[in-house]
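**Student:** Construct all of the structure, not just a fragment, from the sequences and the given hints.
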Amino acid sequence: MTVTETPGTPGATGSSAAPGTPPAPRRRPVRRRLVPYWLLLPGVLWLLVFFVLPMVYQASTSLQTGSLEAGFEVTWHFPTYWEALREYWPQFVRSLLYAGTATVLCLLLGYPLAYLIAFRAGRWRTVLLVLVIAPFFTSFLIRTLAWKTILADDSAVVGALDALHVLDVTGWLGWTEGDRVLATPLAVVCGLTYNFLPFMILPLYTSLERIDGRLHEAAKDLYASPATTFRKVTFPLSLPGVVSGTLLTFIPASGDYVNAELLGSTETKMVGNVIQSQFLRVLDYPTAAALSFLLMAAVLVAVTVYIRRAGTEDLV
Amino acid sequence: MRRLREKLVPLAGLLTLAYLLLPNVVVTVFSFNDPVGRFNYSWQEFSTAAWRDPCGVADLCGSLALSLQLAAWATLGATVLGTMIAFALVRYRFRARGAVNSLIFLPMSMPEVVMAASLLTLFLNMGAELGFLTVLIAHVMFCLSFVVVAVKARVLSMDPRLEEAARDLYAGPVQTFLRVTLPIAAPGIAAGALLAFALSFDDFIITNFNAGSTVTFPMFVWGSAQRGTPVQINVIGTAMFVIAVLLVVAGQFLAARRKRTEHLR
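Quick note, the sequences are listed as chains D and H, same order.
Going by UniProt numbering, the first residue of the first sequence is number 1, and it counts up by one from there.
Going by UniProt numbering, the first residue of the second sequence is number 1, and it counts up by one from there.
For the record, the hints were derived by calculation from the structure and aren't laboratory data.
All of these numbers come straight from a predicted model, not from anything done at the bench.
Using N, Cα and C, we set each Cβ at its ideal position, and we do this for glycine too.
Hints should not be assumed to be uniformly reliable.
Said to hold, decoys possible - The calculated label-pair distances, taken between Cβ atoms and stated as ranges, are: (1) H:A49 with D:F78: 54 to 60 Å; (2) D:W76 with H:G127: 20 to 26 Å; (3) D:V93 with H:A239: 37 to 43 Å; (4) H:F94 with D:R309: 47 to 53 Å; (5) H:R5 with D:R309: 27 to 33 Å; (6) H:L11 with D:V93: 32 to 38 Å; (7) D:K232 with H:R258: 37 to 43 Å; (8) D:L239 with H:N101: 19 to 25 Å.
**Tutor:** This is the structure:
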């Protein structure tokens, strides 16, 4: 309910309209009422035809059997899903694992930078923001290829990691093999983390920047240590950024096949690689469609559970 | 010890920034390389040959021109359609509002392969010939949502009283829209358009599925990863980076100057 009475002038509004009765809605002419629908029509139609309809087609494709020569036919062949999962579950699990690891790494790496830009950068703020966005302007494929140089066997980075015995630890964890980094899980996760890091930093920065600085002062006045201030004030208020950053990193990372292809080996293939090769090389459309549906379902379930637990449904 | 702890967060932040920029440094340095063999992965010798002849590789500049053209059309389509949707969503109350909101949100909450693959099944089933047109359709589709979000944010923060004021001053609906609403919404529309351009220009996954034998710039780079990467790719990557940073700096400079002169007036 909106308060219409202004204090100091009691009864001023009461005389014109009986209290409690809302003003009768003015009926707009039909033509005006149709305006939003005309505005929506082209865009929504585009999405219905080129986004929703393809999903339906994909569902039907996943239930087809046949071959490229003989033609495909919808036979409601559900076992395709089981067979696809039985054959490609390693790639499936790997995708979710790599994407999850990359997301956690993005959060750990991105938070300090977002914090730095939001609270400590001063007049360097714009420069730092530009530097975060700037890599976007070089094609991401070119940048991913650059990691091949950075992580090559005889590169300085790998040499340093080896000298610091980091590779012993990662090798023991099964992330690297011997003194190699390229073509190992570590290289793929490193590429994924790198590629999606800006998608974590920007939402984090947006939510951190909105925090009222006086809250920090208040916490300090109440003798909170910097760590407590962060734990009780800053971090909870940045949660919307954490949630949207996590989603913006995890969802695309789970379907990515570029990093696994360029930086990995056959041992690091993700479900995206399988879908791509089944669709474009093997031409086994039903299996590819089934896998793509399974990926979508897995991501939707993961995201729904996560949003429920994070308790911020009104984010989007 | 206290001082060290205070410096810890900035240090970690700057390390992350270094991680973000390291590949760009490598791309730039290797654009001056004179590689032996087909691949440009190890440093050999300083050379400016690639910079003097950026189009010296077959199909490279053709693919670049195609990508620019594609991105321009996709931006136009997505911006027009997206702006219309954004205005409808913010300015009007109507029945299907929730459904439209979810329809906008869905393409952004789905792995790109899923969208790419499903679109391919549609085109295969329709017997459509894969090429420029199918890629353009796909790009408009996935850029649309991002434009809607960008424009919506701007329109939401607009003060509706400005439009009321215009109407009180006897401006017609068209006049109000053109002289008040559109200029205020312009930064949001521009941001959406820029985002659409960048997304379309750099898109690989959806293009990979729906391009057929059409080769956009990202497709060229992808192919070169298998066949051999010419140095010219690094040259173009570096040039794009430098041009974009210069544009951003120039924009900031102009904005700052305008602010100052407005203040003087």
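**Student:** Each of the hints needs a verdict: does it hold here or not?
**Tutor:** Hint-by-hint comparison with the structure:
1. At about 58 Å, the CB distance of H:A49 to D:F78 agrees with the hint of 54 to 60 Å.
2. Restraint check, D:W76 to H:G127: a C-beta distance of roughly 23 Å satisfies the suggested window 20 to 26 Å.
3. For the pair D:V93 and H:A239, the beta carbons lie near 41 Å from each other, so the given range of 37 to 43 Å is met.
4. At about 33 Å, the beta-carbon gap between H:F94 and D:R309 misses the expected band of 47 to 53 Å.
5. Look at H:R5 against D:R309: about 32 Å separates their beta carbons, and that is inside 27 to 33 Å.
6. Judged by the Cβ atoms, the range 32 to 38 Å given for H:L11 and D:V93 holds: they are separated by roughly 36 Å.
7. At about 41 Å, the CB distance of D:K232 to H:R258 agrees with the hint of 37 to 43 Å.
8. The beta-carbon spacing between D:L239 and H:N101, approximately 22 Å, falls within the hinted interval of 19 to 25 Å.
The structure fails to meet hint 4 from the earlier list, while all remaining hints are met.
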